[in-house]
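Turn these sequences into a full structure, and let the hints guide you.
Number of protein chains: 2
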Amino acid sequence: MNTEKKKLVEAITSQEEDFVQWYTDICLKAEMVDYSSVKGFMVLRPYGQAIWENIQAILDKRFKATGHENVAMPVLIPESLLKKEGELVNGFAPEVAWVTMGGSEPLEERLAVRPTSETMFCDHWSHVLHSYRELPMLYNQWCSVVRWEKTTRPFLRSREFWWQEGHTIHETAAEAEAETEQQLNCYADFAEKDLCIPVVKGRKTDKEKFAGAEATYTIEGMMKDGKSLQCATSHYFGDKFSRAYDVTFAGRDNKLQYPFQTSWGMTTRMIGAVIMTHGDDSGLILPPAIAPYQVVIVPVAAHKPGVMEKAEELRQRLSAFVRVKLDASDNSPGWKFSQWEMKGVPLRLEIGPKDMEKNQCVLVRRDNREKTFVSLDELETAIPRLLQELADSLYQNALKNREAHTYAAHTLDEVKELSATKSGFIKTMWCGDVACEEKMKAEAGLSSRCMPFEQENLGEVCPCCGRPAKTMVVWGKAY
Amino acid sequence: MNTEKKKLVEAITSQEEDFVQWYTDICLKAEMVDYSSVKGFMVLRPYGQAIWENIQAILDKRFKATGHENVAMPVLIPESLLKKEGELVNGFAPEVAWVTMGGSEPLEERLAVRPTSETMFCDHWSHVLHSYRELPMLYNQWCSVVRWEKTTRPFLRSREFWWQEGHTIHETAAEAEAETEQQLNCYADFAEKDLCIPVVKGRKTDKEKFAGAEATYTIEGMMKDGKSLQCATSHYFGDKFSRAYDVTFAGRDNKLQYPFQTSWGMTTRMIGAVIMTHGDDSGLILPPAIAPYQVVIVPVAAHKPGVMEKAEELRQRLSAFVRVKLDASDNSPGWKFSQWEMKGVPLRLEIGPKDMEKNQCVLVRRDNREKTFVSLDELETAIPRLLQELADSLYQNALKNREAHTYAAHTLDEVKELSATKSGFIKTMWCGDVACEEKMKAEAGLSSRCMPFEQENLGEVCPCCGRPAKTMVVWGKAY
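Sequence order for the protein chains is S and R. Residue numbering for the first sequence follows the numbering used here, starting at 1187 and increasing by one per position. Residue numbering for the second sequence follows the numbering used here, starting at 1187 and increasing by one per position.
Mixed in with the good hints, there may be bad ones.
Chain copies aren't distinguished; within one or between two, either way the pair holds.
Below, computed lysine-lysine pairings styled on BS3-like, alpha-carbon distance capped at 25 Å [claimed, not checked]:
1) K1270 / K1225
2) K1586 / K1395
3) K1656 / K1225
4) K1608 / K1247
5) K1625 / K1250
6) K1250 / K1511
7) K1225 / K1269
8) K1441 / K1511
9) K1413 / K1625
10) K1215 / K1250
11) K1379 / K1540
12) K1215 / K1225
13) K1426 / K1540
14) K1586 / K1387
15) K1490 / K1247
16) K1625 / K1490
17) K1395 / K1270
18) K1393 / K1225
Calculated directly from the structure, the hints in this document are not laboratory data.
Structure below.
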């Protein structure tokens, strides 16, 4: 290892030494984020923003394909509007940032910087909805929201984060429930296919559900260190908000009715999930679907005649089918290798005078560093194939990691022993009583991640109280 | 005119009767915006948001083609950070919304909801900039900003608006000045080619320039009623902010230097400009480049065998090269015609049993209602041609309107006479003294729009004071 490369790699804490510090190092050194002068707020730098824009593009297309339309709601919400639905405001009140001055004058009513926008959507619908013919209204918005968190960490928990929030209203409860399910499946499919993160789909317990929701569904991922991360949620509200905000429509029978509502969201947190699911001690490893550059071209012996010209020719050719970067800087090839490994570019293409003689180049996968010599005539097939193989491999490795760190337990002692010695998902049966859920937290430090749709029968009784079990729960320590 | 159509059209105030009310009617009835429960804040409904997304897509591509990268900065700015550059904070202080509470606790320092982000960009650059090798940094962000305006109107002036703000730093003043000019030209080209709005390029007077800028450049449009609208601005800051925020880099001589800075922005206001430049008494007329639907298909005698199938077949075929909507609703063709005219769809395609017999359809331009019978075999050439003709025509008509309402004046009496009897641009020479600029406001109700790059010599003296003239100014009454 040359000195430059060593210096760069040494600058990252190893995962084994301190996973949390490794994570922070990657966020900063791969130039994804910067801390700002506002405590708990982050800056998305070009590389982080480019990843987010790729996520946005894929999700936005998926949402539009199922009939959703984008809108933009105000960033500020009057306190009286926020308070109309009691559970929601109780859930969010401790984390709201309040605007109390407009210019030099105190406001008559304080305004919340939006923590979530159910209230604004309901307010709007109360103006524009008239007839069942206008239903469903399938809306989404891309924006940032503010929640006054105590402790923060880039992407995972910050006082401002970027997200999409889908909000829909429907004529019937069944249609709203179907929407909730459809959007959860959309998230799961995106997480698994595009982010290469296997997820557990399930329903949140009442304790963990969204403030004001009748039901919250979730996809839960497992990070490399065995900890859990909630990847996205989809909520069913029934007609609770419609009633609180007086959203009505004339039904098929010409009588006034309340529509049934959903909301669903995915956030910049998913970038954190990508980092912690796939990254290694050399840095980030990006799934091809969201990588700002899918291929980086590094010329070797770039001063030799024709090398830079060939590299530029390849860049132009490749740009027809992949996102490609040619690193034409003065740095050494070794430095460039480390730099682009740090940034997680899925494939590196090396081209030098010897390769040119043989009409070939070297393709190196970021994940396993496997080198392939490829004829320059075959790049159009070889590159997409290698990118797909890398994506499949990322998914399979994450799945293996999850399977290796998922444990079944039958007694509270087993749970406590596992929680003390292992990091991962712990599956148990559960009676459904929140007291037992709280006991799991107090005695084993675990929170319920979800009641998976794919249930297993691990026994007949709840390990906490011995009463009959109703469902299987996945527990974990969460980011 | 059938009754339904009449009802819809009558619901819009005519331009002649009350241009301002006509404008508001269009904004609401074309379903672009809704008022919200927060005074002065608007909701972008799907149709308005879709127009904005088309604007975003075109501009974003242009910005990226010239090397700009997107980032995301925090929505809140500490007061102390905002105050480091005195002119900026003095300019914006009266319009800032202040966050003073986080959760249930008062903040130690109040935070501004961003009115503009020069300060955050400088703060970030002070962390990450080290060497001249990293320059230029060419950043942009898409977001909303908040300014506490007294009187508001959809798109034109609201307490929150959506925009892009470009922020760049450069090694030399010359490079920063070139960037300012490049971006102004980018805006002018976009306004003229994509929005079909002719603009006057020029420099703002010191009185009208951006708070803290050394120079502000602008593109100014004229609306149908002769009033002016500032369409976009591009600012040159020199190293004023760099010095205030301690942004430095090691130069080629290895000494610390301050970079030179620019910023430039275009906002949702441009949707207002489009409405007021092209619209008529039947509603909106959208330039094809930003129209959510470029063609609407209206089946005639839709109950007759094969009509709906043919319409759907055409929709699929057209979707390969235009944004197309098939109106398959139960409403009458007449109602649909009015509805989509109101929404400004550039071309209407009518297809009925008689047309099908002749293997043809009718294409109707929104702007002049010209009907063309087109063979179904020729749609791939006819539609793009008609869209281009419509765009050219929109631009030419707007240019004619501007030329017909641009007046030269040589004395203050002439200016006052013109201002009292005509609506439009008034060109005069000017001595450069702010006292004369203020006199034009006080006595003729005019503000300086810009000192156009294309100067004319209208005389030797300033009409206000009789002293030698330095430049020609375009004056107007502005939205």
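* Should K1215 paired with K1250 be assigned to within, between, both, or neither, using CA atoms and 25 Å as the limit? -> Between copies, since 24 Å is at most 25 Å while 35 Å is not.
* **Within, between, both or neither: K1426, K1540 at alpha-carbon 25 Å** => Neither way: K1426 and K1540 sit 70 Å apart in one copy and 52 Å across, limit 25 Å.
* To do: Could you place K1586 and K1395 in one of the four classes (within, between, both, neither) given a Cα distance threshold of 25 Å?
  => Neither. Shortest intra-copy (29 Å) and inter-copy (61 Å) distances fail the 25 Å Cα cut-off.
* **Intra/inter-copy verdict for K1625 and K1250 if alpha-carbon distance must be at most 25 Å** => neither (43 Å within a copy, 54 Å between copies)
* Is it within, between, both, or neither for K1379 and K1540, if the alpha carbons may be no more than 25 Å apart? -> neither (37 Å within a copy, 49 Å between copies)
* At most 25 Å between C-alpha atoms: does K1490 with K1247 qualify within a copy, between copies, both, or neither? -> neither (45 Å within a copy, 35 Å between copies)
* Asked: Should K1395 paired with K1270 be assigned to within, between, both, or neither, using CA atoms and 25 Å as the limit?
  -> within (19 Å within a copy, 44 Å between copies)
* Which holds for K1625 with K1490 at a C-alpha limit of 25 Å: within a copy, between copies, both or neither? -> Neither: 69 Å inside a chain and 69 Å across chains, both beyond 25 Å.
* **Intra- versus inter-subunit Cα pairing at 25 Å for K1215 with K1225** => Within one copy, since 20 Å is at most 25 Å while 43 Å is not.
* **Alpha-carbon proximity context of K1393 and K1225, limit 25 Å** => neither (29 Å within a copy, 36 Å between copies)
* To do: Check K1441 against K1511 for me: Cα-Cα at most 25 Å, and say if that holds within a copy, between copies, both or neither.
  => For K1441 and K1511, neither the intra-copy (61 Å) nor the inter-copy (32 Å) Cα distance is at most 25 Å.
* Should K1608 paired with K1247 be assigned to within, between, both, or neither, using CA atoms and 25 Å as the limit? -> neither (40 Å within a copy, 49 Å between copies)
Of the numbered hints given earlier, the model fails hints 2, 3, 4, 5, 8, 11, 13, 15, 16, 18; all others are met.
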